[in-house]
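Working from the sequences, and respecting the hints, build out all of it.
Protein chains in written order, with my numbering: chain A, 1 to 337; chain B, 1001 to 1357; chain C, 2001 to 2370.
Simulated from the structure, these hints should not be mistaken for laboratory data.
The structure displayed is predicted, hence computed values, not measured ones.
Below, computed lysine to any residue pairings styled on SDA-like, alpha-carbon distance capped at 20 Å: (1) C:K2193 x A:D201; (2) C:K2118 x A:I336; (3) C:K2193 x C:L2129.
Coverage of chain B stretches by chain C, computed from C-beta distances (three or more under 8 Å per stretch; other residues unrestricted): (4) 1132-1138; (5) 1322-1329.
Backbone N, C-alpha and C define an ideal beta-carbon position, used for all residues, glycine too.
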Amino acid sequence: MKKVLALVLAALLVLTVGSAMAEAKAGDGLYIGVVYKQSGNPYFQASINGFQKAADELGFTFDHDGPDDGSNDGQIRIIENFINQGVDALIISANDPAGLVNVCNEARDAGIKVVSFDAPVAPEGRDADVEPASFQQVGDILLESIAKSVNYEGQIAILSASATMGNQQYWCAAIEKTLAENEAYANLEYVGTVFGDDVYDKSFTECEALINQYPDLKGIIVPTTNGAPAVAKCIQDHGMSTKVTGLTLASDMKEYLDAGICDETFLWNPIDLGYVASYAAVALINGDITGEVGDSFTAGDKGEITVAAGDDGGNTIFLGELNTFNTETVGEWVDIL
Amino acid sequence: MKKKSKLASFFLRWEFLLVALLVVMCLVFNLQDAARVASGAARKDVFNLANVMRGIRPYMLYSFMTMGVMLILAMGDIDISTGAIATLSVVVLGVTYNGMGGGAGALVISILACLATGSLCGAINGFLVTRFKELFPMIITLATQLFFRGFSYLLIGGETLTFDKTFGVLSETYKLVNIFGLNVPLMVLIFLAVAAVFFIWLHLTSGGRKIFAIGTNATTARYSGIKVDQIKVFCFMLTGFMCAVTGIFFVGANSSSIKADLMDGYHMYAIAAAVLGGFSTDGGKGSVIGAVLSLFIFGIVKIGLGTLFGFADSAVNLAVGVILILSVLLPNITEDVGKLMRVRKQRAETAAAKAAH
Amino acid sequence: MQILQTILTAAGLVVLIMILMDMRQIQQKMGIERKSGTPLYALLIEHREIPLLAVLILLLVAVSLRVPGYIPNNYVNILKNGSINMVMACGMLCVLLVGSIDISITAVLAFSGALIGKLMGLGVLQSTLLAFLITIAVGAVVGLINGLLMSYGRVISIIVTLSTSYIVRALIPMSWMLGMNKVAPTDLAPGFKTVLNQSMTVFGITLPYLSILAAVVVVLTGVFLKYTKTGRNLYAVGSNAEAAQMRGVHINRIKILAHVICGATAGLAGAMWLAFYNAIEKGSADGNEMFTIAACVLGGVSVTGGYGKMTGVVIGAVMIAVIDQAIPLLGFQNKMITEFIKGILLLFAILLNVILQRIADKQALARRNI
Chain A
1 MKKVLALVLA ALLVLTVGSA MAEAKAGDGL YIGVVYKQSG NPYFQASING FQKAADELGF
61 TFDHDGPDDG SNDGQIRIIE NFINQGVDAL IISANDPAGL VNVCNEARDA GIKVVSFDAP
121 VAPEGRDADV EPASFQQVGD ILLESIAKSV NYEGQIAILS ASATMGNQQY WCAAIEKTLA
181 ENEAYANLEY VGTVFGDDVY DKSFTECEAL INQYPDLKGI IVPTTNGAPA VAKCIQDHGM
241 STKVTGLTLA SDMKEYLDAG ICDETFLWNP IDLGYVASYA AVALINGDIT GEVGDSFTAG
301 DKGEITVAAG DDGGNTIFLG ELNTFNTETV GEWVDIL
Chain B
1001 MKKKSKLASF FLRWEFLLVA LLVVMCLVFN LQDAARVASG AARKDVFNLA NVMRGIRPYM
1061 LYSFMTMGVM LILAMGDIDI STGAIATLSV VVLGVTYNGM GGGAGALVIS ILACLATGSL
1121 CGAINGFLVT RFKELFPMII TLATQLFFRG FSYLLIGGET LTFDKTFGVL SETYKLVNIF
1181 GLNVPLMVLI FLAVAAVFFI WLHLTSGGRK IFAIGTNATT ARYSGIKVDQ IKVFCFMLTG
1241 FMCAVTGIFF VGANSSSIKA DLMDGYHMYA IAAAVLGGFS TDGGKGSVIG AVLSLFIFGI
1301 VKIGLGTLFG FADSAVNLAV GVILILSVLL PNITEDVGKL MRVRKQRAET AAAKAAH
Chain C
2001 MQILQTILTA AGLVVLIMIL MDMRQIQQKM GIERKSGTPL YALLIEHREI PLLAVLILLL
2061 VAVSLRVPGY IPNNYVNILK NGSINMVMAC GMLCVLLVGS IDISITAVLA FSGALIGKLM
2121 GLGVLQSTLL AFLITIAVGA VVGLINGLLM SYGRVISIIV TLSTSYIVRA LIPMSWMLGM
2181 NKVAPTDLAP GFKTVLNQSM TVFGITLPYL SILAAVVVVL TGVFLKYTKT GRNLYAVGSN
2241 AEAAQMRGVH INRIKILAHV ICGATAGLAG AMWLAFYNAI EKGSADGNEM FTIAACVLGG
2301 VSVTGGYGKM TGVVIGAVMI AVIDQAIPLL GFQNKMITEF IKGILLLFAI LLNVILQRIA
2361 DKQALARRNI
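Rendered as structure tokens:
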């Protein structure tokens, strides 16, 4: 009898310990600092939802902030604050890839893991980097979209943010490269790139200059979220039939998708971006990965993810997919993005 | 009676009030810190000397610039082109260095070129301000600001300049150095030395007193034999020089990445710090100690609100605005109240005299 | 909506007539001046906006040579893009006249625009007219605070408005305001969204409602400054405060009034911005206040107070709009190049003003000696 009781007790003990083990999460007790490019941007609000989702699953806590003026030194200020608060990892979307290297290395010296997402920190200053898709992929998708809208012939142009922004520069280069190489686009005439500084009124003025200069312009690619609604609004005001595509927020563009100025626009899923970046950071802290090319880890419901060689010569984790917004799909995204 | 008023005036000195503000702030932040640790909201204390020393560095970048802006405010002028001068100077620094192919020699020459550019830009401001006295310096420096920024853009376009290893030496200026067991930013040490020089010059020599004399009344100063224009040009030049110094430290903080759109808004930070330090755009008053204290106050306020009270970066400016208004408003109100009380006392005395009569 | 547009149309016609009348006045003046043998420079000094007008015409000719058909293709855009700056410049003129300055205008623009955007997004606000009134009221309140601190608090205007611009802009990303979001076209009431984007055609000339609204503000300010006692007092306070006080002018009240007007125009500019662009966010128009000041200074307004004309400011604002519009067409697509050219022009214009003034003073002195 006594033996049986002992056995039952032992079994119960094992069970409770076992269930307690199952409830322990990989990120329990961890504290992560998220630094985004600029405050007041709905795009980053959406990515924060991704961090929140991962935090619920993994059990870590996080704080987030972005500089008021979108400057590099503003991000340095915020990173210093997070280092002082003793975070375990920093997840950063960098305004200037090279400009954060020193402060990130200071953080790494203090034992903090540095993961960049959305916009990379230069390879020498980061442990891992999570990007939506390679520059070439994004460029090709945008080009194919506008080509489809204009039936593969006519003049097209790009309205970018500024020549200094790394991503913008590489997307434009990718578009230009494919245009020159791919026979399918032989009838498209690329008239050039103008820059709207990612500022609404400036993009609007630049777009006006563009359509004045090229009255037969058939399509404009706008790979900048602040520029795209300005360009679409400008086309709408002038009553032109020019088509617009680009990387945009759904809420900004619903109006213009419904009005037929855009056939479709794109954006990766910033929620996934934040979600995967969180899993990568926790895996780094727990020593599951070191961030080398070829490392792989499980990112929740996104499954197994492998670190690949990035566009900038460093290690990068690509999500590899873009969301398409058109008149059907934009409705479900409009409250999220 | 006399002794008491002297004591009162010592304690009512602006610098003393600033020290008091600094102490009160540190106390509040420490209490909040302890409360956060006790309640489990934070795992460790955040507001300690080591952390403040580390965190204050980004807020000390414009400290050198403030030393120059302070001189200009003391003369009753204003300069809003300082951020643009600093940017143009570092752009020249980068272009010269890369143009010479790099190396230690190139670094020395390019730093000299950077300082010379800053001084030249300052001299241009000074020349315009003294030659065209009808114009408010703010408008002149607004125009030159656009000009300097545009010129930096003409030099490097939209590019981000990157550099070789030797150039990375500049990053050393952002590092912490160990003094008596405490890690102190090298930048702050250099700044305190520079501020000491400015203090001696501005408050203890006749040269400095001339600057305040110009700010109090330029015409009187001219008639009493002060070479007003020469001093003004010199001060604007010195400001330009300090802007270039700010630029060099900025490059150190910014991991040697140079673009044409850096340091936008720094002119306002510098002016804000100088005004909290007791300087006024009316000229003729202010002290170096006050300016140094207010630089630290702004830094610590921003650190404290950000790390302890959960203020977002964009909300911190709210506090800056309030402090700035109060710093000018409060002395004026005290003065008014004082005046009112004196008038009342006088009235009471005359009434009493009348009654006695 | 129909009512508002009818009002704007009527107002537009009034503006046109007033401009024509003013032209005749100028012509008369010029005729008289020529007869009495006053040299050309005196005319230039009396009307500081004339050299500016010449520069503007030169600029337009130069651009037209480079870009054929520039004016017919672009005048509507120039009018539209200059309008918001023009409205703010009216307020800025008042503030500059009393010898102070306001650099919080673009913060007020962003805040007031964001506020009505938020209210519309919540579905509380539907009326376009009410939206415009709210922005004007919000702007006026900020202006009042600026004015009170400046006059009774004796804080220098640049410091006051620097602080309020920090404070007002910091309010926008607060959680009860926009938070992390911005105002998108889908938030706006349908009537508000299109009210300023249409235009009317008079004798084949397209006049956007946005510009007509700006013209109304310009005329109101112009009439206020020229023909009302309070308006003249603004000049009096700016040129000689003590003398004005002796004449029984309440200096503080006039200064506060100037700041309230400036705030109100900045608030109105917020509604215009949102109605025109259909989007606004925390950083909207940041830094543009310098171009408003530049428009005034280009137009010959003295920053130390007491001198400045509405016509000059209008030309200055148009000039800034032309530069914004023309530089990209000339092949320079960067904001900084545009600013560079604005900087040079500004420097050129202010120095020209000073030199003209000096020649005039010298001549006047020489005449007196004879």
